[in-house]
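S.K.: My request is simple: use the sequences and hints to build the entire structure.
Here the protein sequences line up with chains A and B, keeping their order. Residue 469 in this note's numbering is what sits at position 469 of the first sequence, and the numbering runs on without skipping anything. Residue 126 in this note's numbering is what sits at position 126 of the second sequence, and the numbering runs on without skipping anything.
None of these hints come from the bench; they were simulated from the model. Glycine included, each C-beta is placed from N, C-alpha and C at the ideal position. Check the hints yourself; a few may be wrong.
[What the hints assert, rightly or not] With the Cβ distance kept under 10 Å, some of the chain B side facing chain A (calculated, not the full set):
| hint | residue |
| --- | --- |
| 1 | F12 |
| 2 | R59 |
| 3 | G79 |
| 4 | Y87 |
| 5 | E98 |
| 6 | A101 |
| 7 | P108 |
[What the hints assert, rightly or not] Chain B residues, not near chain A, derived (Cβ > 10 Å throughout):
| hint | residue |
| --- | --- |
| 8 | R72 |
| 9 | G86 |
| 10 | A128 |
| 11 | G218 |
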Amino acid sequence: MTVTSAPARATPRQAPQAAPRNMARLLWVELRHNAMPLVLPLIAVIFWFDSYRIAATLPPMWVVRLYYILGQGHALVDFAPFVAGVAAWMGSRDGRHGMGDLVTATVRPRWEAQLATWAATVIWAVGGYLVLMAVTLALLGRAVAWGGPPWWPVAAGAAGIAAFASLGFALGACFPSRFIAPVAAFGGLFAMGTASRIGFSAAGGWALILPTMSNGNFGQDAGIFYPWLPDLPIDRVVFAAGVAVAAVGLLGLPVSAGGPRLRRSAAVVTATGAAAAVAAIALAFTAYVGHDGTVIPALHDAASDRPIPYAPVCGHPGIPVCLQPAYRPYLPDVTAALRPVISQVTGLPGAPARARQVAALFAAGSAAGPNGVGQILTLSGNPPALSMPLGAIALPRSFGADSASFIGQLKVEAVHAFVIPGGSYGDPAQQAVEAALLQNAGIPLATQPSVLGATPWPLMNGGPRTAGRYPQPVAAAARRFAALPAATRHAWLAAHMPALRAGQLTPGQLP
Amino acid sequence: MNVELTGLTRKFGRTQAVAGVTLEAGPGVFGLLGPNGAGKTSLLRMMATVLPPTSGTLRLLGRDPGGYGPRREIRRRLGYLPQTLGYYPGFTVYDFVEYFALLKDMPPGQVPRAVATAIEQVGLGDKARVKLRTLSGGMLRRAGIAQAIVNRPELLLLDEPTAGLDPEQRVAFRALLREFGQRATVVVSTHLVEDVAAACSEVSLMDSGRLVFHGTPGELIARGEGHGVGDAPLERGYSAVLAAARS
Numbered sequence: 001m002t003v004t005s006a007p008a009r010a011t012p013r014q015a016p017q018a019a020p021r022n023m024a025r026l027l028w029v030e031l032r033h034n035a036m037p038l039v040l041p042l043i044a045v046i047f048w049f050d051s052y053r054i055a056a057t058l059p060p061m062w063v064v065r066l067y068y069i070l071g072q073g074h075a076l077v078d079f080a081p082f083v084a085g086v087a088a089w090m091g092s093r094d095g096r097h098g099m100g101d102l103v104t105a106t107v108r109p110r111w112e113a114q115l116a117t118w119a120a121t122v123i124w125a126v127g128g129y130l131v132l133m134a135v136t137l138a139l140l141g142r143a144v145a146w147g148g149p150p151w152w153p154v155a156a157g158a159a160g161i162a163a164f165a166s167l168g169f170a171l172g173a174c175f176p177s178r179f180i181a182p183v184a185a186f187g188g189l190f191a192m193g194t195a196s197r198i199g200f201s202a203a204g205g206w207a208l209i210l211p212t213m214s215n216g217n218f219g220q221d222a223g224i225f226y227p228w229l230p231d232l233p234i235d236r237v238v239f240a241a242g243v244a245v246a247a248v249g250l251l252g253l254p255v256s257a258g259g260p261r262l263r264r265s266a267a268v269v270t271a272t273g274a275a276a277a278v279a280a281i282a283l284a285f286t287a288y289v290g291h292d293g294t295v296i297p298a299l300h301d302a303a304s305d306r307p308i309p310y311a312p313v314c315g316h317p318g319i320p321v322c323l324q325p326a327y328r329p330y331l332p333d334v335t336a337a338l339r340p341v342i343s344q345v346t347g348l349p350g351a352p353a354r355a356r357q358v359a360a361l362f363a364a365g366s367a368a369g370p371n372g373v374g375q376i377l378t379l380s381g382n383p384p385a386l387s388m389p390l391g392a393i394a395l396p397r398s399f400g401a402d403s404a405s406f407i408g409q410l411k412v413e414a415v416h417a418f419v420i421p422g423g424s425y426g427d428p429a430q431q432a433v434e435a436a437l438l439q440n441a442g443i444p445l446a447t448q449p450s451v452l453g454a455t456p457w458p459l460m461n462g463g464p465r466t467a468g469r470y471p472q473p474v475a476a477a478a479r480r481f482a483a484l485p486a487a488t489r490h491a492w493l494a495a496h497m498p499a500l501r502a503g504q505l506t507p508g509q510l511p
Numbered sequence: 001m002n003v004e005l006t007g008l009t010r011k012f013g014r015t016q017a018v019a020g021v022t023l024e025a026g027p028g029v030f031g032l033l034g035p036n037g038a039g040k041t042s043l044l045r046m047m048a049t050v051l052p053p054t055s056g057t058l059r060l061l062g063r064d065p066g067g068y069g070p071r072r073e074i075r076r077r078l079g080y081l082p083q084t085l086g087y088y089p090g091f092t093v094y095d096f097v098e099y100f101a102l103l104k105d106m107p108p109g110q111v112p113r114a115v116a117t118a119i120e121q122v123g124l125g126d127k128a129r130v131k132l133r134t135l136s137g138g139m140l141r142r143a144g145i146a147q148a149i150v151n152r153p154e155l156l157l158l159d160e161p162t163a164g165l166d167p168e169q170r171v172a173f174r175a176l177l178r179e180f181g182q183r184a185t186v187v188v189s190t191h192l193v194e195d196v197a198a199a200c201s202e203v204s205l206m207d208s209g210r211l212v213f214h215g216t217p218g219e220l221i222a223r224g225e226g227h228g229v230g231d232a233p234l235e236r237g238y239s240a241v242l243a244a245a246r247s
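M.R.: Okay, here's the thing in structure tokens:
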């Protein structure tokens, strides 16, 4: 040790404007020594395995690709346990290292020092999340031809990360020990697991506040035909931010945290955060599922209800068939599905003169239109037009579907829309005609039950989907009708379609 | 007087760690001696404003630390090295000292120079960018001293500052104490009587929470002449005073 003679001087006094600079420098020191960046690579690997890898295989539309990551909250599921654990580790740092006396004996209130550590922890966690999301969106978006990703759900995820970081930090600060990090991580995992389970089972109410609840919040044609409804994500941001603020405020309440004024401020911060979280839950109770997603009246902007204009892309499998540009990759499949159907019904009463894609509407509650409009293919108007809500049908590469199943389902729904009005199962004669038309459209009678299993009209006596079969009178009439020459069948349909649709025929009356 | 204690008491449950200590100290180096459990650390923690007294009055640098505002002003002028130094293993020496300079609310423009000076003063200039986890016990102690003196305190409280220092470092440290003692009040709690002999202008001896001696090192030596047990004159005075207090 050496003695250097430093010039004698009075103890420096802090200028008022210097405090923010000091805090900024303190934050910089904390950022450089935070443990969060050490765990971010591990989170990235888990995120890639659990979320990105799956999303990248889904159809190239934002709403489909991000359903898994943001709609069901898998990004948060991947982040939360690690973020909570590391934040608890950072929060417990002073206690674990016996720094209490040293830090308390300084000018800065203990709470301010903790805030610097907390802020650094949150900045790393949220920053890591945003960077990972930016990379994810950039990679996933390369194949997406229409629209942009929804930003509010991304913000809700960031707020959720901040909430988990804050809760973990507060837990660590209150119970400092080397075991608090795994306890907090397990708590985060348990919370997300429970939220996921509730998200799959609950339909609404307070459960909508959970970031893993996708009901009415994500999917269908959001961001394609109509804007993403930000109502619920905004509510979730308020909730998560409230939780984060309340957790941080709690740290300022103990006597050791600082002076009376600062503790009063901490109490106000805590109360504000708690009030925001409670208000967000209360708002969730007012939510209802509209055509375009979850609507929260107090947060709803009417501008979000305006449809998104687009120039359709069209094909011509006998009639004009037009799709929203986001569905351009599926135009060949759609024309391939409709061509054999259109060829059988052209010229018949009520046959579609054109087909156009319409928005898939949320089916929950009473929001879907009458007779399945927005959920299944329907025929309406004069001249009749086939409306196709393709967003409600499992697209190839999603949920185990492939191109053949997509085409098969389109054929079934198109024939069903033509033969059986009102979206019902139909009577035996209608079912027989439908089965015959489908057979001649390329779906053999024996395989129809499995195709029908993916529609709203699975066979009543089905059992396992592939084991289902038509009732004997229906099957016999269908075979008989399908075996007729095309011209004979067409002529009979031209004469009997009104009666068939009205339910006035029996299978025995079919030729 | 920078330190004024009147009937200062601190209890932990039924244990009375400090029992009615009355003491005054001005600028200079003040030694606090006593056996284990005498109450030195509790007294120092009260003077560091991290432990409130159970009873009695405490005035530091002319202020009552019971009020939040005065306590902040005291802390602004305070340097404190606890007996057990807590530290963040991942911090470098520079980061550690800078961290406390910032917590002590030093003007940002003065922080870099003050940190560098404090690190040089404890002889860790060549270790400034080394992480604390790699330092020896003595070096850590010196890093702890650096954070205590970084704000050039008017009241410097050091609890066992020379524990772990080698003889050469200890000599240099005593010189540092004497330099600080010229303008500030330095209270050094220690077991090592040679530290007191070499650096302190005043010394107090505690036993069972009570102050049993207060005077100059020469007066303590005088108490031990022909009575005490020990190799050095100050040790004999130390043991003689303790024996008298316990009898």
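S.K.: If you take the shortest Cβ to Cβ gap from E98 (chain B) to chain A, is it below 10 Å?
M.R.: holds, 7 Å
S.K.: May I ask you to check that G86 (chain B) keeps its beta-carbon over 10 Å from the closest beta-carbon of chain A?
M.R.: violated, 4 Å
S.K.: Under 10 Å, Cβ to Cβ, is where F12 (chain B) needs to be relative to chain A, so tell me if that hint holds or is violated.
M.R.: violated, 15 Å
S.K.: Using Cβ atoms only, decide whether P108 (chain B) comes closer than 10 Å to chain A, and label the hint accordingly.
M.R.: For P108 (chain B), the interface hint holds, since the closest Cβ of chain A sits about 4 Å away, which is under 10 Å.
S.K.: Evaluate the condition: distance from the CB of A128 (chain B) to the nearest CB of chain A exceeds 10 Å.
M.R.: holds, 14 Å
S.K.: May I ask you to test the interface hint for R59 (chain B) with respect to chain A, counting a Cβ-Cβ separation under 10 Å as satisfied?
M.R.: violated, 17 Å
S.K.: Would the least Cβ to Cβ distance between G218 (chain B) and chain A come out above 10 Å?
M.R.: Given that every Cβ of chain A is farther than 10 Å from that of G218 (chain B), nearest at about 24 Å, it holds.
S.K.: Any CB of chain A closer than 10 Å to the CB of Y87 (chain B)?
M.R.: Holds: closest Cβ of chain A sits about 6 Å from Y87 (chain B), inside 10 Å.
S.K.: Can the hint on A101 (chain B) be confirmed by a CB-to-CB distance to chain A that is less than 10 Å?
M.R.: holds, 9 Å
S.K.: At 10 Å, judged by beta carbons, does R72 (chain B) keep clear of chain A as stated?
M.R.: violated, 6 Å
S.K.: Going by Cβ atoms only, is G79 (chain B) closer than 10 Å to chain A?
M.R.: holds, 9 Å
Taken one by one, the earlier hints fail for this structure at numbers 1, 2, 8 and 9, listed in ascending order.
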